[in-house]
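Q: Following the hints, complete the assembly by docking chain B onto the known chain A.
Residue numbers (our numbering), protein chains in the order written: chain A, 547 to 927; chain B, 547 to 927.
Simulated from the structure, these hints should not be mistaken for lab results.
Please note that a few of the clues may not be correct.
In the SDA-like style, the derived pairs of lysine to any residue whose C-alpha atoms are separated by at most 25 Å in a straight line are [claimed, not checked]:
1. A/656 <-> A/547
2. A/656 <-> B/674
3. A/656 <-> B/677
4. A/656 <-> A/644
5. B/656 <-> A/673
6. B/656 <-> B/681
7. B/656 <-> A/558
Far from chain B by the CB rule (all over 12 Å, computed), these chain A residues [to be verified]:
8. 557
9. 672
10. 771
11. 842
Label pairs and their computed distance ranges (CB to CB) [said to hold, decoys possible]:
12. B/654 <-> A/777: 34 to 42 Å
13. B/761 <-> A/734: 55 to 63 Å
14. A/826 <-> B/696: 55 to 63 Å
15. A/833 <-> B/615: 46 to 54 Å
16. A/804 <-> B/664: 34 to 42 Å
17. B/664 <-> A/921: 53 to 61 Å
18. B/615 <-> A/826: 24 to 32 Å
19. B/702 <-> A/777: 28 to 36 Å
20. B/618 <-> A/680: 31 to 39 Å
21. B/917 <-> A/877: 55 to 63 Å
22. B/615 <-> A/804: 39 to 47 Å
Note that CB positions come from ideal geometry on N, CA and C, so glycine has one too.
Here's the letter readout for the chains.
2 protein chains.
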Amino acid sequence: MSFPVSEYQGRLQRAQRRMGAADLDALLLTTEADIRYFTGFLTRFWESPSRPWFLILPAAGSPVAVIPSIGVALMTRTWIADIRSWPSPAPGDDGVSLLAETLTELLGPKARVGVPMGPESHLRMPLADWDRLRALSGLTFTHGARILADLRAIKSEAEISLIRAACAVADRAFARVPEVARAGVALSQVFRDFQRLCLEEGADFVPYLAGAAGPGGYEDVISPAGPEPLCRGDVLMLDTGLTQAGYFCDFDRNFSVAPPSEAVRATHAALVEAVQEAAAAARPGQTAAGLHRLLTRALGRHGAPGAGRLGHGLGMQLTEGLSLLPADHTELRAGMVLTLEPVIELAPGRIMVHEENIVIREGGAEFLSRPASPDIPVLAG
Amino acid sequence: MSFPVSEYQGRLQRAQRRMGAADLDALLLTTEADIRYFTGFLTRFWESPSRPWFLILPAAGSPVAVIPSIGVALMTRTWIADIRSWPSPAPGDDGVSLLAETLTELLGPKARVGVPMGPESHLRMPLADWDRLRALSGLTFTHGARILADLRAIKSEAEISLIRAACAVADRAFARVPEVARAGVALSQVFRDFQRLCLEEGADFVPYLAGAAGPGGYEDVISPAGPEPLCRGDVLMLDTGLTQAGYFCDFDRNFSVAPPSEAVRATHAALVEAVQEAAAAARPGQTAAGLHRLLTRALGRHGAPGAGRLGHGLGMQLTEGLSLLPADHTELRAGMVLTLEPVIELAPGRIMVHEENIVIREGGAEFLSRPASPDIPVLAG
Numbered sequence: 547m548s549f550p551v552s553e554y555q556g557r558l559q560r561a562q563r564r565m566g567a568a569d570l571d572a573l574l575l576t577t578e579a580d581i582r583y584f585t586g587f588l589t590r591f592w593e594s595p596s597r598p599w600f601l602i603l604p605a606a607g608s609p610v611a612v613i614p615s616i617g618v619a620l621m622t623r624t625w626i627a628d629i630r631s632w633p634s635p636a637p638g639d640d641g642v643s644l645l646a647e648t649l650t651e652l653l654g655p656k657a658r659v660g661v662p663m664g665p666e667s668h669l670r671m672p673l674a675d676w677d678r679l680r681a682l683s684g685l686t687f688t689h690g691a692r693i694l695a696d697l698r699a700i701k702s703e704a705e706i707s708l709i710r711a712a713c714a715v716a717d718r719a720f721a722r723v724p725e726v727a728r729a730g731v732a733l734s735q736v737f738r739d740f741q742r743l744c745l746e747e748g749a750d751f752v753p754y755l756a757g758a759a760g761p762g763g764y765e766d767v768i769s770p771a772g773p774e775p776l777c778r779g780d781v782l783m784l785d786t787g788l789t790q791a792g793y794f795c796d797f798d799r800n801f802s803v804a805p806p807s808e809a810v811r812a813t814h815a816a817l818v819e820a821v822q823e824a825a826a827a828a829r830p831g832q833t834a835a836g837l838h839r840l841l842t843r844a845l846g847r848h849g850a851p852g853a854g855r856l857g858h859g860l861g862m863q864l865t866e867g868l869s870l871l872p873a874d875h876t877e878l879r880a881g882m883v884l885t886l887e888p889v890i891e892l893a894p895g896r897i898m899v900h901e902e903n904i905v906i907r908e909g910g911a912e913f914l915s916r917p918a919s920p921d922i923p924v925l926a927g
Numbered sequence: 547m548s549f550p551v552s553e554y555q556g557r558l559q560r561a562q563r564r565m566g567a568a569d570l571d572a573l574l575l576t577t578e579a580d581i582r583y584f585t586g587f588l589t590r591f592w593e594s595p596s597r598p599w600f601l602i603l604p605a606a607g608s609p610v611a612v613i614p615s616i617g618v619a620l621m622t623r624t625w626i627a628d629i630r631s632w633p634s635p636a637p638g639d640d641g642v643s644l645l646a647e648t649l650t651e652l653l654g655p656k657a658r659v660g661v662p663m664g665p666e667s668h669l670r671m672p673l674a675d676w677d678r679l680r681a682l683s684g685l686t687f688t689h690g691a692r693i694l695a696d697l698r699a700i701k702s703e704a705e706i707s708l709i710r711a712a713c714a715v716a717d718r719a720f721a722r723v724p725e726v727a728r729a730g731v732a733l734s735q736v737f738r739d740f741q742r743l744c745l746e747e748g749a750d751f752v753p754y755l756a757g758a759a760g761p762g763g764y765e766d767v768i769s770p771a772g773p774e775p776l777c778r779g780d781v782l783m784l785d786t787g788l789t790q791a792g793y794f795c796d797f798d799r800n801f802s803v804a805p806p807s808e809a810v811r812a813t814h815a816a817l818v819e820a821v822q823e824a825a826a827a828a829r830p831g832q833t834a835a836g837l838h839r840l841l842t843r844a845l846g847r848h849g850a851p852g853a854g855r856l857g858h859g860l861g862m863q864l865t866e867g868l869s870l871l872p873a874d875h876t877e878l879r880a881g882m883v884l885t886l887e888p889v890i891e892l893a894p895g896r897i898m899v900h901e902e903n904i905v906i907r908e909g910g911a912e913f914l915s916r917p918a919s920p921d922i923p924v925l926a927g
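Just chain A, same shape as in the assembly:
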C-alpha cells in the first residue's frame, strides 16, 4: 500500500456516504485504478487480460475482494481483511459463481449494486460472464452514480506528493534530453534512451511515451517512433507518462534540432505564455470550459489554435476526469490535478503542443511540473 490505512478508510467512508444518497447497497469494481483506489493493491499484473478481479464495496461495512488466488499474497499485504479467491483462469466459471454468492451473502437477494458505467469507465470482465452474473445473482445492477469519478477527481496531499514526485523525475529526464537527442539520431533510439533517462532519474515504470519530430512542427502526438533520424530544423516533442507508486505525471517538452526558425521560436513562446495565463486563472470556481476559452483566446493572438481538448485531469491514470473542452462545465475544486495542453497549428499537418501539470489550490494553481521557459531548448544540429 502506498498510503496509511486511514487514507483508504476515508475514501471508503466518502464512497459509502454517496452510496447512501444514491440508494445503492454496494459498488462493484473491476478495473485496476478503481480497485487500487480503495485497496492499495499495486501490481503491473493487470497487463495480463487472463483473469478478472473484483472488489465489492458495501454501503456499510468493509470491502470484500473476490480475486484470483494468484493475487491473494499481495492483497493480504493491503488493509483488506475479507479476501475470497478462486483458482483462475477457470474455464467455464471464472469467478462468476463465487462473486454472485458473495454478493448475495453480503447484500441479500434484492440488493441494488452500482457499477461504473459513465465516461472513461469500462467493465473489465467478459460480457458473457457479466450476463451470467446478472442471471445467477438475480441482483439489480445499475449505474454507479459517478461515485468513483467524483471521488478520484479530488486528490489528497499524499496523492499530490506522488504526482509531484513523478513530475520531478520527468523534469530531470527532460533536462538530460540533449545527452541523447541530436541531428542524425533515430527517433526510435531517442524514445529508448529517454525511457532509460526516466528510469535513471527514479521512475518506477514508463507506461506512456509518445512523441514526434518534423520540420517546423509535427503531424500528430500519439504515434510510435520510427527509424527516421532527427534532422536540422526538426521540432522534437517527447510526451511522457511515468509513474511513482502508480501515480502518473503527463507532460511534454519540445526541442529544436539546431536553432529554431522564427515561427517555431514564437510558437513555443506563445504556447508557454498561454499556459501561464491559464494557470493564473485556474482556481476553485473556474471551470474546465473556462480554461479552454482562456487558452483558445491566448493562442488566437499568435496563430491557429489546434482542435481538440487542451488539457485533462490525471492521477492514477494517464488521463482521467475533466477535459478542457467547451462542453465540459466541471467546476475546478481544490485538490484537482490537471494538465494544461495548448496546441498551435503552424501549417496544415504541422502542430506544436506544450503541456504542464498543475494542482488546484484554494488560492490558485500550483505547478507540479517545472514550468518550461519560453525559449525552446536547442539540440545539436
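A: Chain B in isolation, oriented as in the chain A frame:
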C-alpha cells in the same frame, strides 16, 4: 504498420470466412490488441481511458475504423481506407451515434454483429454507451464466436519473428543482471536498472516487470518491488514482458545471491529439466492439459508442484489464449506461441518459478527464449 498489407488482408479473409460460418454480418472490435490485429494501428495512447475506439469488420468488404479524430493521422498511415472520426471526448455522445449510423449504413437495419464476449475479452467502452448503442442502432449484438481468439492463437512467421526478437532482447538483458544486482541493492533499484538494461538492449517498451526476492525462494510473482535490499541466500526472480513493435516476450530468470543452498540448486535444475521435458513433448496434437500433466509429473519427482497454471499463450498481449491447466483441452497447433512456466513450492509460502517461451512447429517445439542452464546463476553476495 509492422507487417505488409497482405498479412492484414489474410487475417481479414480468415475472419470473414469464420463470420460467414457463424452467420455474422460483422464483427465490432473495441480493444487495443483486437484493433491492432486487423489494422496495424500501434500506439501507447491506449494508456489513456478517455476515448473509445471502434473497428467494424464486415463479413464482406473492407474494415471501417470509427475513431477519435486524434487518431486519424496515425490510422491513415495504416492500410485502412475508410476512417470515420469524431472530436472525442464528446460528453453526451462519445462516438455512439456515429458508430450506430455507420453500422446501419454498412450492414442494414437487421444485421447480426458479433462482439468478443468470451474469456480474456472485455468491451472497451462505457456500459451506458453500450446500452445506448444497442438502443440507437436496433441491431442484434451477439457473441463473436471466438473468431478473434482463434485467429490470434496461430501466429504468422512475421509475428513469430517479432516475439523472437523480444525474447532475444530479454535474453541479453538477463545476461547483464549481475551488473545491477548483488547483496545490498534494493529490489526497487534492481527493477529500475533491469528495465534500463532491457531498453539498452533494444526493447521498445517494458510494459511488464514483476519479480521477487526472498531467502530460499519467494512468496509470489506479481508484487511490485520494495526498498528492501537483496541479502545473501536470497533467490531473486525477474519476470519481464517487453515489446518489439507491440509483440511481447514473457519469461523469467532466477538468480541466487551468493552460492545457492542445495535445495535452491536442485529446485532450479528440476524446473529447467521439467521445461525441457515439456518442450520435447510440445507438438501439434498435444494439448494444453497434456503439457500441464507432463510438467506436474516432472515436478512431482523433485518436490511439491505449485498450484495454478503452468504456462499460457502470448503474443500481442503478455498473456493470451490457452492455459496449461487440467481443464484446458486446447489442441496445440503449429504457430502457437506459449510459455512453459513450472513452479515448485520449496516450503509454505516459498516458491520458485521458471519460464521459457516456445513456438509450436510441425515437428515439435522451437525455443524462442534461450533456454536457461540447470545451474542457477550466482550474484555477488
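Q: Hints first: check each against the structure and report whether it holds.
A: Hint check:
1. A/656 <-> A/547: With Cα atoms ~34 Å apart, residue 656 of chain A and residue 547 of chain A exceed 25 Å; violated.
2. A/656 <-> B/674: Cα-Cα ~22 Å, so holds.
3. A/656 <-> B/677: holds, 23 Å
4. A/656 <-> A/644: Distance of about 17 Å is within 25 Å: holds.
5. B/656 <-> A/673: OK: residue 656 of chain B and residue 673 of chain A at ~22 Å, within 25 Å.
6. B/656 <-> B/681: Cα-Cα ~13 Å, so holds.
7. B/656 <-> A/558: Roughly 46 Å separates the two Cα atoms, so the pair is violated.
8. 557: holds, 19 Å
9. 672: violated, 5 Å
10. 771: Non-interface label fails for residue 771 of chain A: nearest chain B Cβ at 8 Å, not farther than 12 Å.
11. 842: holds, 14 Å
12. B/654 <-> A/777: 34 to 42 Å: violated, 50 Å
13. B/761 <-> A/734: 55 to 63 Å: At 41 Å between Cβs, range violated.
14. A/826 <-> B/696: 55 to 63 Å: holds, 57 Å
15. A/833 <-> B/615: 46 to 54 Å: Given about 23 Å between the Cβ atoms, the range is violated.
16. A/804 <-> B/664: 34 to 42 Å: violated, 54 Å
17. B/664 <-> A/921: 53 to 61 Å: holds, 55 Å
18. B/615 <-> A/826: 24 to 32 Å: For residue 615 of chain B and residue 826 of chain A the Cβ distance comes to about 30 Å; the hint holds.
19. B/702 <-> A/777: 28 to 36 Å: This hint holds: roughly 34 Å between Cβ atoms.
20. B/618 <-> A/680: 31 to 39 Å: Holds, since residue 618 of chain B and residue 680 of chain A (Cβ atoms, about 37 Å apart) stay within the stated range.
21. B/917 <-> A/877: 55 to 63 Å: Because 59 Å falls inside the window, the suggested range holds.
22. B/615 <-> A/804: 39 to 47 Å: violated, 32 Å
Taken one by one, the earlier hints fail for this structure at numbers 1, 7, 9, 10, 12, 13, 15, 16, 22, listed in ascending order.
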